[in-house]
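With the first letter of the sequence shown counted as 1, position 78 gets the number 78 in UniProt numbering; the numbers rise by one all the way through.
Rather than coming from a laboratory, the hints here were simulated on the basis of the structure. This structure is a prediction, so every number in the text was calculated from the model and none was measured. For glycine and all other residues, C-beta sits at the position ideal for the given N, C-alpha and C. Check each hint, because a few of them may be wrong.
Stated by the list, open to error - Okay, derived cross-link-like pairs now, DSS-like style, lysine-lysine, Cα gap no bigger than 25 Å in a straight line:
no.: 1; residue 1: Lys109; residue 2: Lys252
no.: 2; residue 1: Lys259; residue 2: Lys307
no.: 3; residue 1: Lys476; residue 2: Lys410
no.: 4; residue 1: Lys583; residue 2: Lys666
no.: 5; residue 1: Lys476; residue 2: Lys523
no.: 6; residue 1: Lys499; residue 2: Lys601
no.: 7; residue 1: Lys63; residue 2: Lys259
no.: 8; residue 1: Lys246; residue 2: Lys307
no.: 9; residue 1: Lys476; residue 2: Lys433
no.: 10; residue 1: Lys523; residue 2: Lys410
no.: 11; residue 1: Lys621; residue 2: Lys601
no.: 12; residue 1: Lys410; residue 2: Lys388
no.: 13; residue 1: Lys666; residue 2: Lys581
no.: 14; residue 1: Lys307; residue 2: Lys247
no.: 15; residue 1: Lys583; residue 2: Lys523
no.: 16; residue 1: Lys433; residue 2: Lys392
no.: 17; residue 1: Lys246; residue 2: Lys523
no.: 18; residue 1: Lys621; residue 2: Lys583
no.: 19; residue 1: Lys523; residue 2: Lys621
no.: 20; residue 1: Lys307; residue 2: Lys476
no.: 21; residue 1: Lys583; residue 2: Lys601
no.: 22; residue 1: Lys476; residue 2: Lys499
no.: 23; residue 1: Lys477; residue 2: Lys433
no.: 24; residue 1: Lys477; residue 2: Lys523
no.: 25; residue 1: Lys392; residue 2: Lys410
no.: 26; residue 1: Lys282; residue 2: Lys63
no.: 27; residue 1: Lys63; residue 2: Lys252
What the hints assert, rightly or not - Using C-beta positions, here's what the derived DEER-type ranges look like:
no.: 28; residue 1: Ala632; residue 2: Arg397; range: 48 to 58 Å
no.: 29; residue 1: Glu454; residue 2: Gly518; range: 35 to 45 Å
no.: 30; residue 1: Gln255; residue 2: Ala305; range: 27 to 37 Å
no.: 31; residue 1: Asp131; residue 2: Asn664; range: 42 to 52 Å
no.: 32; residue 1: Pro348; residue 2: Gly297; range: 21 to 31 Å
no.: 33; residue 1: Glu454; residue 2: Pro348; range: 48 to 58 Å
no.: 34; residue 1: Ala396; residue 2: Lys259; range: 41 to 51 Å
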Amino acid sequence: MPRENRKRGKKHKKQREDEPQYEAESEQQIEAPEEPSWIVPASNHAEEVNQEAPFGYVDVDLKAYFRTVDVQIQEWQENQEDTVEDGDVDPNEQRRLFFIAALTEIRGKEKQLATDPDCSVILERMSYSMDDFVRRVFLDTLAGSYEVLLRHRFASHVCQTLFTVARDTISRESKGVITQPSTSQEEGELRTMTRLILDICEEILPSLSSLILDPFASHVVRSLLLLLSPNLSASEENTRSAVRSKKSAAWKAKQGQMKSVFADEKGKGKEISRNAPPEFSKMARRLVQIVRNELDGNETRAMAASKVACPGLQMLLEVEADQDMSNEPGSLMDRVTVGLITACRDDPSANVEESDYLGTLLRDPHSSHLLEIIVSRCSDNVFRSLWKTYLKGKLARLGAHPVANFVLAKALERVSENELSEAYQELDGVWSKLIRTSRTGVLRAVIDRAAALESSAEPLSQVLNTAFDIVADDDKKLLVPCVLTLLPLPDYRTALLSKKPDGGASHHNGQQSRSSQGPLEPKIQGSLLIQSLLRLPSPHNQFALDATFSLPVEERIKIAHTPSGSRVFDVLLDSTTVPAKAKRQLVMGFIGHYHLLIDDKLGSRVGDRCWAFADTYLKEKIARSLIQQEHALAASFYGKFFARNLNLYLLQRRPEEWRSMQSNRKRAQESQPTHIDPSSKPQVAATEHPGVAVNRKRKSRPDNEIDALFDEKLGKRVKKATLADIQSTHTDIATNLKDSKTGDKELDQVLGAIRLAPANDTVGRKRRGIKP
Numbered sequence: 001m002p003r004e005n006r007k008r009g010k011k012h013k014k015q016r017e018d019e020p021q022y023e024a025e026s027e028q029q030i031e032a033p034e035e036p037s038w039i040v041p042a043s044n045h046a047e048e049v050n051q052e053a054p055f056g057y058v059d060v061d062l063k064a065y066f067r068t069v070d071v072q073i074q075e076w077q078e079n080q081e082d083t084v085e086d087g088d089v090d091p092n093e094q095r096r097l098f099f100i101a102a103l104t105e106i107r108g109k110e111k112q113l114a115t116d117p118d119c120s121v122i123l124e125r126m127s128y129s130m131d132d133f134v135r136r137v138f139l140d141t142l143a144g145s146y147e148v149l150l151r152h153r154f155a156s157h158v159c160q161t162l163f164t165v166a167r168d169t170i171s172r173e174s175k176g177v178i179t180q181p182s183t184s185q186e187e188g189e190l191r192t193m194t195r196l197i198l199d200i201c202e203e204i205l206p207s208l209s210s211l212i213l214d215p216f217a218s219h220v221v222r223s224l225l226l227l228l229s230p231n232l233s234a235s236e237e238n239t240r241s242a243v244r245s246k247k248s249a250a251w252k253a254k255q256g257q258m259k260s261v262f263a264d265e266k267g268k269g270k271e272i273s274r275n276a277p278p279e280f281s282k283m284a285r286r287l288v289q290i291v292r293n294e295l296d297g298n299e300t301r302a303m304a305a306s307k308v309a310c311p312g313l314q315m316l317l318e319v320e321a322d323q324d325m326s327n328e329p330g331s332l333m334d335r336v337t338v339g340l341i342t343a344c345r346d347d348p349s350a351n352v353e354e355s356d357y358l359g360t361l362l363r364d365p366h367s368s369h370l371l372e373i374i375v376s377r378c379s380d381n382v383f384r385s386l387w388k389t390y391l392k393g394k395l396a397r398l399g400a401h402p403v404a405n406f407v408l409a410k411a412l413e414r415v416s417e418n419e420l421s422e423a424y425q426e427l428d429g430v431w432s433k434l435i436r437t438s439r440t441g442v443l444r445a446v447i448d449r450a451a452a453l454e455s456s457a458e459p460l461s462q463v464l465n466t467a468f469d470i471v472a473d474d475d476k477k478l479l480v481p482c483v484l485t486l487l488p489l490p491d492y493r494t495a496l497l498s499k500k501p502d503g504g505a506s507h508h509n510g511q512q513s514r515s516s517q518g519p520l521e522p523k524i525q526g527s528l529l530i531q532s533l534l535r536l537p538s539p540h541n542q543f544a545l546d547a548t549f550s551l552p553v554e555e556r557i558k559i560a561h562t563p564s565g566s567r568v569f570d571v572l573l574d575s576t577t578v579p580a581k582a583k584r585q586l587v588m589g590f591i592g593h594y595h596l597l598i599d600d601k602l603g604s605r606v607g608d609r610c611w612a613f614a615d616t617y618l619k620e621k622i623a624r625s626l627i628q629q630e631h632a633l634a635a636s637f638y639g640k641f642f643a644r645n646l647n648l649y650l651l652q653r654r655p656e657e658w659r660s661m662q663s664n665r666k667r668a669q670e671s672q673p674t675h676i677d678p679s680s681k682p683q684v685a686a687t688e689h690p691g692v693a694v695n696r697k698r699k700s701r702p703d704n705e706i707d708a709l710f711d712e713k714l715g716k717r718v719k720k721a722t723l724a725d726i727q728s729t730h731t732d733i734a735t736n737l738k739d740s741k742t743g744d745k746e747l748d749q750v751l752g753a754i755r756l757a758p759a760n761d762t763v764g765r766k767r768r769g770i771k772p
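Given the sequences, and given the hints that come with them, work out the whole structure.
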């Protein structure tokens, strides 16, 4: 029996000579049947289409090389602020040569690298440092395979990043800044980025509806829609949340910084307007029209219930509203609202029958975001019909619902005065329940809408007193701490009684004192409520100001030492609706306690804001109140930076000169423009604090004030001595200054600067530019 026809199982014995031969022949015929020609083995088909690597696997050596590239790029991104000394090679030139070598290795292997789980992240990191020409070449090499790439698990993120960085290139092309490469007949003409994006849209148009439903391609389609209609999201935070989920954003954050490694491109593109070319608007309209034609009403409503397709449908609704296509019969918004737009178009005063479908979406964790967009982007007559049919009469239940309260809060931002007064009445019995469950979005939306309509604050004060169980007039002074902690008045008093003593903890140990507060720690939601109350137009915000100033100064200092509470004083000093008299009262209320306020990381920032607001008269009162605390400020980790603004020694010796100096500084600050150019180098304020990250280059750091003064009077010298050595020899320097013609003025400045500089000040030495 031939070996190739032998079956698995028992080993066949050798056939005897006397056995007939036909049995072997018949067995051979049965074991090798003839297969039809149209049958294709499944193994061969699997080899043709590899879902993990549709364009092949990356070579092992190339993969190892790109790991070294990734390590080098991450090192440059982390140490981007460092500059080289004179005489060394320009770091940007070195990095460009490095990128040229890496891009040479990429040539011809772009699709394999994009589908590789390790190299795809490296390509994303490199795309931020590519110039416009390289980005165009990279996108052009992927042409014809975008449908496969968008459906791939790793290549989809590469395409998404390329669409994100292409925004800056398109903006420059719209201004006429186009890199013209040397064209050759073999390679052909390189298309512009605008043309490439339009061609990519043409390529994926036949499969657009299926791409929105794909778990890997959906977020790329949203990025493409955002690129075609850049005015959809007003802020960068909304833009990131529209194209990435929380899980995806957290994963990308673990990959390190994603930015350009070239120093001359820092801040490049942030000031560029988001105006898209006219062709992009037409293409966005075509994408919406394609989805309309390929999906019917039931399929569109099914997308709203899908976790994958719902974010894409939200973006399509945004584009549709931006293109003024929502009010058309049969639009995507009309299908989701079950014909509500068509009904309002035929008869605006008609009573629309309530749909169970929208009631389900209202309480769904994923689909409720879709209703938020509909509520905020629909026309006025459609919103009135939505409010009357689905929200009015159910505000109490919807406000207490863990999901529907977000839709209700979004709807309250568009109500009229009559509808707002109706909301006060309907929600009268559930305010306390909303506070106890920490669902403050509805209450904050009511406050913001009242501020926009400039309505009376009397209903708001009653709402707050009801929500926090404040009945007596004497208890209204506890409104601010109750709102900050989101505790009704009985619970707040119970927490005060159960609070354990701090055990004599010092004020500068803010972390220890805050951790021992427990439920008395200010909450973010409570801080946002107080900030909304302070933004009410004057005099409607007077009850919030009175409640703030009725607190003892010690309690205000405790609030200023917390992350959420300090923002309340920021809004009080920055809000244009707060009278200047109230701001002045806040600044003067801390006089005599500024040494306690600024002896904290967050409190020192509040002290700096108070100092920046104060005029020369108030600054002198603050400074004179701190003369007795001069040594305590110099020894404080945070207070010593506030003391640099005081210049107490000059105030005591020559008050007139001190006043003129403060007046000049105040005028210089007021004359500076409020708009800061993002492309300019960051200016380092004199009141900065440790713990606040400030990016700056070594060459842009200001010189040490003490060293600059000595260099001016005694000539340039080599900095070899430490700050302690300078203090030990200040007597000899003072004698030299006395003998010179400079007089007492320079001597006082030198001695005043030395007195404010502690000897063992490692952090302060670094911040003042002194090398250890």
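So, against the hints stated earlier in the document, which numbers end up violated here? Violated: hints 2, 3, 19, 20, 26, 33.
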